[in-house]
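K.L.:
Protein chains in written order, with my numbering: chain A, 89 to 373; chain B, -19 to 264.
Derived from the structure by calculation, the hints contain no laboratory data. Hints are supplied without guarantee of correctness; some may be wrong.
[Claimed, not checked] Calculated cross-link-like contacts (lysine to any residue; reagent style SDA-like; alpha-carbon spacing at most 20 Å):
| no. | chain 1 | residue 1 | chain 2 | residue 2 |
| --- | --- | --- | --- | --- |
| 1 | B | K(-15) | A | D275 |
| 2 | B | K(-16) | A | Q273 |
| 3 | B | K(-15) | A | F209 |
[What the hints assert, rightly or not] What follows is a set of in silico ranges between Cβ atoms, one per label pair, in the way DEER data are often shown:
| no. | chain 1 | residue 1 | chain 2 | residue 2 | range |
| --- | --- | --- | --- | --- | --- |
| 4 | A | E270 | B | K44 | 51 to 59 Å |
| 5 | B | A125 | A | S154 | 38 to 46 Å |
| 6 | B | F114 | A | L162 | 27 to 35 Å |
| 7 | A | R100 | B | F186 | 26 to 34 Å |
| 8 | A | E336 | B | L243 | 38 to 46 Å |
| 9 | A | L102 | B | K44 | 34 to 42 Å |
| 10 | B | F114 | A | L111 | 21 to 29 Å |
| 11 | A | S318 | B | V5 | 18 to 26 Å |
| 12 | A | L162 | B | R(-17) | 42 to 50 Å |
Just so we're clear, the structure is a prediction, and the values are computed from it rather than from any experiment. Every residue, glycine too, gets a C-beta built ideally from N, C-alpha and C.
Residues per chain are reported as follows:
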Amino acid sequence: MKRLRKRHWASRALMLLLALVVLAPIAITFLYSFFSPGEIKAYMAARGNYDEAAWMDVKLSPDMFSPGQYYEILIRDTSVLKMFVNSAMYAVAILLGQAAVIPMMAYALSRFEFRGRDAVFFGILMLMLLPFQVTMVPNVLTLRQLGLLETAWAVILPMWFSPFYIFLLRQFMVGLPNELFEAAQMDGAGTARCFVHVAVPVCRPVIGAAAALSFADCWNLVEQPMAYLSQRQDLQPLSVMFNQLVDESSGTEFAGAALYMLPALFVYLYFLEDILTGIQLTELK
Amino acid sequence: MFRKKRSVWLFLLPGLAGLMLFYIVPFIGGIWYSLTDGSYENRFVGLANYAAIWQNEMFLLGLKNTMALSLICAPLVWALSFVIAALLNRLRPGGAFFRNSILLPYLMPSSAMLLIWLLLFDYGGVVNRMVAAFGGERVMWLEGAQLRVPIVLLFVWKNLGFAVVIFLAALQTVPEPLYEYAELEGAGFLRQTFGITLPLIVPSAFLIVILEWINAFKIFKEVYFIGGAYPDEAVYTLQNYMNNMYGRLNYQNVTTAAYSFALIVFSLFGALFLLQRTLQRRFS
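With the sequences and hints as input, model every part of the structure.
P.N.:
This is the structure in structure tokens:
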């Protein structure tokens, strides 16, 4: 049989090149995490040389493979590890809260008719547009009133109601066929049973996608800890550390970065299918 | 659709209460701050803060840079992701590896990427080696206006994959026979892409423009990572301004700047939304 499809070698080559360029920074971070701390220190110190004759070496293999950086951050000095634990604490607390609040809200906004529904949805769309800094000051004042400022809750609580994830789940649920819910109602299910036994299971892919995307957000927190936890060095997540390192190299920053990327990598691998099908089935049109 | 069910409030209430407490009440309450003078008596001054801030050089600089950066980032991500999705769509059912690799950065913390970025864009780094290899002059990427390049590239690196995936989902709704027919008629890849694909996925394409633009308006992390809290004036964004004013406890300036910005964003996206509605009516 004659092949109808062409092989598209040029497109393939182009995409391969792109994929390599995109993956290279991640791969290099992992590679550099196995350089010895001394070698990284020397390498980072070679930066910022504006001599026309000087180049930085392109290092693709270490003088000697060494777990030294990991030894430093995991055993010798655990300050990085502590921040890593903080990050994990934020991610878990935020995701649990979101799981309790957001699917219910999306369900109410998509499967019910009630007065003011469109107004609520419109409000959520508006909130989605605003950068964090717009509501930063009023939020600080509110959190201070509640006695939550300079505590971990200041970062966690507002994230439970993230407008984007309400929007994402609502868009998915709006597209579900009515028959699904009618059939359940015929069998005598009320609104709560419809939610637990119909809406949530059917929404599995988009809930997975939202969880993964939200995790990525939690894992990259910068603005919130800066504004809400300025006095609490002990509560900072790992994402704010890399900035403080760049001027003077500690020699262990690549192990820190690699350690930090590892959970994100697992989340990506675990939820990849959900993200793809979740986006494909959501009415983002 | 459930009608006249009281239980809706059960589902709605927790979320609504939180949104009120942490988003809507602060947003509305903050307006009062932008109308007072911040002194001990906290006098009402009307729109004087707004009049002042629209004369403030740093505010105007930040506004200009936020606009400029978003107008570079959003179209760049949009156009690149469309071309990549169109190419990947031709490789179906293969090409999953490429798609997955491009999506990976979306879940990666860009804070951890900062180290590599600083190495790549160093004066003696890999990017300048390539520039030199093509016969160009070395560029100081981490100084002055050139800072835009690493910042925009970090943004694109992270956000490209998500747009590609949305585009790919839209492309899969285009019926295959259309392409086969176009092929028989002798239309090449470009003709097919712009003649068949783009017109058929206008709604999704429009949505990606909006999502990317919203994202690009919020650009701050990338600037803060690479440029610091007080970056060069070519990349000093409104978010830098608001953060720094916050640091100096000048709440009046932060809120006034914030609501000025919110007003601009709302009217801009309101106009886009109306545009989409009229376009949709015309085409359907």
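K.L.:
So the hint says 34 to 42 Å: do the beta-carbon atoms of L102(A) and K44(B) match that?
P.N.:
Hint holds: Cβ distance 36 Å, inside 34 to 42 Å.
K.L.:
Starting from the hint 21 to 29 Å, judge whether the C-beta atoms of F114(B) and L111(A) obey it.
P.N.:
23 Å, holds
K.L.:
Just to be sure I understand the hint, the distance between the Cβ atoms of E336(A) and L243(B) should be within 38 to 46 Å; is that true here?
P.N.:
Roughly 42 Å apart at Cβ, these two residues keep to the hinted range, so it holds.
K.L.:
Okay, S318(A) versus V5(B) on CB: inside 18 to 26 Å?
P.N.:
23 Å, holds
K.L.:
Do the Cβ positions of F114(B) and L162(A) conform to the proposed distance bound of 27 to 35 Å?
P.N.:
Given range 27 to 35 Å: violated, Cβ gap about 43 Å.
K.L.:
42 to 50 Å was suggested as the range; check whether the CB atoms of L162(A) and R(-17)(B) agree with it.
P.N.:
58 Å, violated
K.L.:
Take the C-beta atom of A125(B) and the C-beta atom of S154(A), compute their distance, and say whether it sits inside 38 to 46 Å.
P.N.:
40 Å, holds
K.L.:
Can the restraint linking K(-15)(B) and D275(A) be considered satisfied, given a maximum Cα separation of 20 Å?
P.N.:
Given pair K(-15)(B), D275(A) holds - Cα atoms ~18 Å apart, limit 20 Å.
K.L.:
So does E270(A) sit 51 to 59 Å from K44(B), Cβ to Cβ?
P.N.:
Hint holds: Cβ distance 54 Å, inside 51 to 59 Å.
K.L.:
CA of K(-15)(B) to CA of F209(A), is that 20 Å or under?
P.N.:
18 Å, holds
K.L.:
Please verify whether K(-16)(B) and Q273(A) have alpha carbons no more than 20 Å apart.
P.N.:
15 Å, holds
K.L.:
Kindly confirm whether 26 to 34 Å is satisfied by the beta carbon distance between R100(A) and F186(B).
P.N.:
This hint holds: roughly 30 Å between Cβ atoms.
Checked against the numbered hints listed earlier, the structure breaks hints 6, 12; every other hint is satisfied.
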